[in-house]
Amino acid sequence: MTRKTGFFVPGMLARSPRRASPSRASSTTASTSAPRSRPGRRSMRPAKPSVAERTRPSSAASGPCRGPVRMRGHRNWRGMPHRQYRARMTSPRITLHDFPAKTGLDGWNSFSPFVLEVARALQLAALPYEHAYVRMTKLKELNPTGQLPVVEFGDEKVADSTRILRRIEALQPGALTRSLDARATAEAWLWEEFADTALYPYVLATRWADDRGWPVPRKYFFGALPP
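Okay, so the sequence shown: first residue is 0 according to numbering that gives the first Met the number 0, each after it adds one.
One should not assume that every hint holds.
[Said to hold, decoys possible] Pairs of lysine-lysine residues, derived as PhoX-like cross-links and limited to a Cα-Cα distance of at most 25 Å, are as follows:
{"hint": "1", "residue 1": "Lys101", "residue 2": "Lys137"}
{"hint": "2", "residue 1": "Lys218", "residue 2": "Lys101"}
{"hint": "3", "residue 1": "Lys156", "residue 2": "Lys218"}
{"hint": "4", "residue 1": "Lys218", "residue 2": "Lys137"}
{"hint": "5", "residue 1": "Lys156", "residue 2": "Lys139"}
{"hint": "6", "residue 1": "Lys137", "residue 2": "Lys156"}
{"hint": "7", "residue 1": "Lys139", "residue 2": "Lys101"}
[Stated by the list, open to error] Computed spacing ranges between beta-carbons, pair by pair:
{"hint": "8", "residue 1": "Pro172", "residue 2": "Pro99", "range": "27 to 37 Å"}
{"hint": "9", "residue 1": "Ala223", "residue 2": "Gly153", "range": "28 to 38 Å"}
{"hint": "10", "residue 1": "Pro143", "residue 2": "Val202", "range": "38 to 48 Å"}
{"hint": "11", "residue 1": "Gly153", "residue 2": "Trp207", "range": "19 to 29 Å"}
{"hint": "12", "residue 1": "Ser178", "residue 2": "Gly212", "range": "31 to 41 Å"}
Hints in this document: simulated from the structure, not taken from any laboratory.
We treat Cβ as the ideally placed atom computed from N, Cα and C, and that holds for glycine.
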(Lines of atoms letter the chains of each structure in order from A and count residues from 1; the text may use other names and numbers.)
(Lines give C-alpha, C1' and ligand atoms only; values in the text may rest on other atoms or scores of the structure.)
Protein backbone atom coordinates (compact mmCIF):
# COMPACT_ATOMS: atom_id res chain seq x y z
CA MET A 1 0.00 0.00 0.00
CA THR A 2 1.47 3.33 -1.01
CA ARG A 3 1.60 6.55 0.94
CA LYS A 4 -1.07 7.96 -1.35
CA THR A 5 -3.47 5.19 -0.36
CA GLY A 6 -2.81 5.91 3.29
CA PHE A 7 -3.75 9.51 2.71
CA PHE A 8 -7.22 8.53 1.48
CA VAL A 9 -7.76 5.84 4.15
CA PRO A 10 -7.11 7.64 7.47
CA GLY A 11 -8.56 4.81 9.54
CA MET A 12 -5.85 2.38 8.37
CA LEU A 13 -2.57 4.29 8.41
CA ALA A 14 -2.92 7.90 9.45
CA ARG A 15 -4.82 7.35 12.71
CA SER A 16 -4.66 3.88 14.23
CA PRO A 17 -3.81 0.34 13.12
CA ARG A 18 -6.87 -1.06 14.92
CA ARG A 19 -9.90 -2.11 12.92
CA ALA A 20 -12.86 0.18 13.50
CA SER A 21 -16.19 -1.32 14.55
CA PRO A 22 -19.23 -1.01 12.23
CA SER A 23 -20.98 1.44 14.53
CA ARG A 24 -17.86 3.56 14.80
CA ALA A 25 -17.33 3.48 11.07
CA SER A 26 -20.90 4.53 10.38
CA SER A 27 -20.63 7.40 12.85
CA THR A 28 -17.34 8.47 11.26
CA THR A 29 -18.90 8.45 7.81
CA ALA A 30 -21.90 10.41 9.00
CA SER A 31 -19.73 12.97 10.71
CA THR A 32 -17.55 13.50 7.64
CA SER A 33 -20.50 13.79 5.29
CA ALA A 34 -22.62 16.09 7.45
CA PRO A 35 -21.61 19.75 7.79
CA ARG A 36 -19.86 20.66 11.00
CA SER A 37 -22.24 22.45 13.37
CA ARG A 38 -21.34 25.21 15.78
CA PRO A 39 -20.60 24.07 19.35
CA GLY A 40 -23.56 24.32 21.68
CA ARG A 41 -23.72 26.05 25.02
CA ARG A 42 -22.97 22.84 26.90
CA SER A 43 -19.79 22.16 24.90
CA MET A 44 -18.54 25.70 25.44
CA ARG A 45 -18.62 25.32 29.22
CA PRO A 46 -15.26 24.91 30.95
CA ALA A 47 -14.23 21.47 32.06
CA LYS A 48 -15.27 20.34 35.53
CA PRO A 49 -12.40 20.81 38.01
CA SER A 50 -10.66 17.72 39.26
CA VAL A 51 -10.58 16.51 42.84
CA ALA A 52 -7.14 18.06 43.36
CA GLU A 53 -8.36 21.44 42.13
CA ARG A 54 -11.45 21.31 44.34
CA THR A 55 -9.36 20.41 47.39
CA ARG A 56 -7.74 23.43 48.96
CA PRO A 57 -5.83 23.76 52.22
CA SER A 58 -7.46 25.69 55.03
CA SER A 59 -6.41 29.29 55.59
CA ALA A 60 -5.02 30.60 58.86
CA ALA A 61 -8.02 32.89 59.36
CA SER A 62 -10.50 30.04 59.31
CA GLY A 63 -8.89 28.26 62.26
CA PRO A 64 -6.79 25.15 62.75
CA CYS A 65 -7.28 22.28 60.38
CA ARG A 66 -5.42 19.04 59.71
CA GLY A 67 -4.51 19.11 56.05
CA PRO A 68 -6.70 19.99 53.11
CA VAL A 69 -10.44 19.74 53.52
CA ARG A 70 -12.89 18.82 50.81
CA MET A 71 -16.48 19.86 51.43
CA ARG A 72 -18.90 17.61 49.59
CA GLY A 73 -22.20 18.88 48.24
CA HIS A 74 -21.22 22.54 48.16
CA ARG A 75 -20.45 24.71 45.16
CA ASN A 76 -17.93 26.95 46.89
CA TRP A 77 -14.86 24.94 47.85
CA ARG A 78 -13.27 26.97 50.61
CA GLY A 79 -10.55 26.24 53.08
CA MET A 80 -12.84 25.93 56.11
CA PRO A 81 -12.42 23.38 58.90
CA HIS A 82 -14.77 20.44 58.45
CA ARG A 83 -16.27 20.89 61.94
CA GLN A 84 -17.07 24.53 61.24
CA TYR A 85 -18.54 23.73 57.81
CA ARG A 86 -20.66 20.91 59.24
CA ALA A 87 -21.94 23.18 62.02
CA ARG A 88 -22.82 25.85 59.49
CA MET A 89 -24.83 23.39 57.41
CA THR A 90 -26.62 21.55 60.24
CA SER A 91 -27.12 24.09 63.04
CA PRO A 92 -30.17 26.37 63.22
CA ARG A 93 -29.89 30.10 62.89
CA ILE A 94 -28.39 31.43 66.12
CA THR A 95 -28.89 34.98 67.41
CA LEU A 96 -27.15 36.26 70.55
CA HIS A 97 -28.97 39.20 72.13
CA ASP A 98 -26.87 41.75 74.01
CA PHE A 99 -27.24 45.11 75.73
CA PRO A 100 -27.22 48.13 73.39
CA ALA A 101 -23.60 49.14 73.96
CA LYS A 102 -20.70 48.17 71.72
CA THR A 103 -17.30 47.91 73.33
CA GLY A 104 -15.33 49.01 70.29
CA LEU A 105 -12.50 46.66 71.28
CA ASP A 106 -11.30 43.56 69.45
CA GLY A 107 -11.88 40.34 71.37
CA TRP A 108 -14.22 42.04 73.85
CA ASN A 109 -17.68 41.44 72.46
CA SER A 110 -19.78 42.73 75.33
CA PHE A 111 -19.70 44.61 78.61
CA SER A 112 -21.74 41.82 80.20
CA PRO A 113 -19.54 38.96 81.47
CA PHE A 114 -22.35 36.48 80.83
CA VAL A 115 -22.87 37.60 77.24
CA LEU A 116 -19.11 37.49 76.71
CA GLU A 117 -19.05 33.95 78.11
CA VAL A 118 -21.72 32.79 75.66
CA ALA A 119 -20.07 34.56 72.72
CA ARG A 120 -16.76 32.82 73.36
CA ALA A 121 -18.50 29.47 73.80
CA LEU A 122 -20.16 29.88 70.40
CA GLN A 123 -16.81 30.71 68.86
CA LEU A 124 -15.19 27.72 70.55
CA ALA A 125 -17.92 25.44 69.18
CA ALA A 126 -17.45 26.97 65.69
CA LEU A 127 -21.13 27.88 65.50
CA PRO A 128 -21.94 30.91 63.33
CA TYR A 129 -24.19 33.40 65.08
CA GLU A 130 -25.55 36.91 64.80
CA HIS A 131 -24.80 39.44 67.54
CA ALA A 132 -27.92 41.56 68.05
CA TYR A 133 -28.27 44.56 70.35
CA VAL A 134 -31.59 44.95 72.17
CA ARG A 135 -33.06 48.22 73.34
CA MET A 136 -33.58 48.51 77.06
CA THR A 137 -37.30 49.09 76.51
CA LYS A 138 -37.57 45.77 74.63
CA LEU A 139 -35.89 43.54 77.20
CA LYS A 140 -39.12 42.36 78.84
CA GLU A 141 -40.49 41.35 75.44
CA LEU A 142 -37.46 39.14 74.88
CA ASN A 143 -37.15 37.82 78.43
CA PRO A 144 -39.78 38.39 81.17
CA THR A 145 -37.03 38.71 83.78
CA GLY A 146 -35.35 41.49 81.81
CA GLN A 147 -31.97 39.75 81.94
CA LEU A 148 -29.47 38.88 79.25
CA PRO A 149 -28.04 36.95 77.53
CA VAL A 150 -30.79 35.37 75.49
CA VAL A 151 -29.94 33.18 72.53
CA GLU A 152 -32.38 32.17 69.84
CA PHE A 153 -31.68 28.75 68.33
CA GLY A 154 -34.07 28.98 65.41
CA ASP A 155 -37.50 29.34 67.04
CA GLU A 156 -36.24 28.32 70.50
CA LYS A 157 -35.30 30.99 73.04
CA VAL A 158 -32.86 30.07 75.80
CA ALA A 159 -32.02 32.44 78.67
CA ASP A 160 -29.31 32.19 81.37
CA SER A 161 -25.70 31.63 80.36
CA THR A 162 -25.40 28.18 81.96
CA ARG A 163 -28.49 26.88 80.17
CA ILE A 164 -27.19 28.35 76.92
CA LEU A 165 -23.88 26.54 77.35
CA ARG A 166 -25.77 23.30 77.95
CA ARG A 167 -27.73 23.90 74.75
CA ILE A 168 -24.52 24.53 72.80
CA GLU A 169 -23.00 21.33 74.15
CA ALA A 170 -26.13 19.41 73.13
CA LEU A 171 -26.02 20.96 69.67
CA GLN A 172 -22.31 20.26 69.21
CA PRO A 173 -21.39 17.31 71.47
CA GLY A 174 -17.85 17.60 72.75
CA ALA A 175 -17.35 21.14 71.46
CA LEU A 176 -16.91 22.59 74.97
CA THR A 177 -15.84 19.56 77.00
CA ARG A 178 -13.53 18.11 74.33
CA SER A 179 -12.03 14.79 75.50
CA LEU A 180 -12.96 15.09 79.18
CA ASP A 181 -14.36 12.06 80.93
CA ALA A 182 -17.57 12.12 82.96
CA ARG A 183 -15.86 13.14 86.21
CA ALA A 184 -13.83 15.95 84.64
CA THR A 185 -16.90 17.20 82.76
CA ALA A 186 -18.90 17.42 86.00
CA GLU A 187 -16.07 19.35 87.66
CA ALA A 188 -15.89 21.72 84.68
CA TRP A 189 -19.57 22.57 85.03
CA LEU A 190 -19.02 23.22 88.75
CA TRP A 191 -16.21 25.64 87.94
CA GLU A 192 -18.47 27.37 85.43
CA GLU A 193 -21.12 27.87 88.11
CA PHE A 194 -18.46 29.05 90.56
CA ALA A 195 -17.28 31.68 88.07
CA ASP A 196 -20.84 32.93 87.54
CA THR A 197 -21.55 33.34 91.24
CA ALA A 198 -18.27 33.90 93.13
CA LEU A 199 -16.02 35.56 90.55
CA TYR A 200 -18.68 37.79 89.00
CA PRO A 201 -18.31 40.66 91.56
CA TYR A 202 -14.55 40.77 91.00
CA VAL A 203 -15.02 41.05 87.25
CA LEU A 204 -17.35 44.01 87.75
CA ALA A 205 -14.89 45.61 90.16
CA THR A 206 -12.15 45.59 87.54
CA ARG A 207 -14.44 47.48 85.17
CA TRP A 208 -16.33 49.89 87.41
CA ALA A 209 -14.22 50.39 90.55
CA ASP A 210 -10.69 50.17 89.20
CA ASP A 211 -9.39 53.41 87.68
CA ARG A 212 -7.46 51.42 85.09
CA GLY A 213 -10.60 49.76 83.72
CA TRP A 214 -13.16 52.51 84.21
CA PRO A 215 -12.30 54.73 81.17
CA VAL A 216 -13.40 52.05 78.70
CA PRO A 217 -16.97 51.53 80.10
CA ARG A 218 -17.31 55.27 80.63
CA LYS A 219 -16.49 55.97 76.98
CA TYR A 220 -18.49 53.22 75.28
CA PHE A 221 -21.24 52.43 77.79
CA PHE A 222 -22.07 55.93 79.01
CA GLY A 223 -20.80 57.87 76.02
CA ALA A 224 -24.30 58.79 74.84
CA LEU A 225 -25.25 60.33 78.20
CA PRO A 226 -24.58 63.99 78.96
CA PRO A 227 -21.54 64.67 81.17
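Status of the hints after comparison with the structure:
For the hint pairing Lys101 with Lys137, the CA-to-CA distance comes to about 17 Å; that is within 25 Å, so the pair holds. With a C-alpha separation of about 10 Å, the suggested pair Lys218 and Lys101 falls inside the 25 Å cut-off, and the hint holds. Under the criterion of a C-alpha separation no larger than 25 Å, the hint pairing Lys156 with Lys218 is inconsistent with the structure, at around 32 Å. A threshold of 25 Å between alpha carbons decides the hint, and for Lys218 with Lys137 the separation of about 24 Å falls inside it, so the pair holds.
The suggested pairing of Lys156 with Lys139 holds, with an alpha-carbon distance near 13 Å, which does not exceed 25 Å. Pair hint Lys137 plus Lys156 holds up; C-alpha atoms about 15 Å apart against a cutoff of 25 Å. Annotation: proposed proximity of Lys139 to Lys101 holds, straight-line Cα distance about 21 Å (limit 25 Å). Distance hint check: the CB atoms of Pro172 and Pro99 are about 34 Å apart, consistent with the given range 27 to 37 Å.
Separation of Ala223 from Gly153 is about 33 Å and conforms to the stated range, judged on CB atoms against 28 to 38 Å. Against the hinted window of 38 to 48 Å, the Cβ-Cβ separation of Pro143 and Val202 comes to about 26 Å, which falls outside the hint. In this structure the supplied range 19 to 29 Å is violated for Gly153 paired with Trp207, their Cβ-Cβ distance being about 36 Å. Restraint check, Ser178 to Gly212: a C-beta distance of roughly 35 Å satisfies the suggested window 31 to 41 Å.
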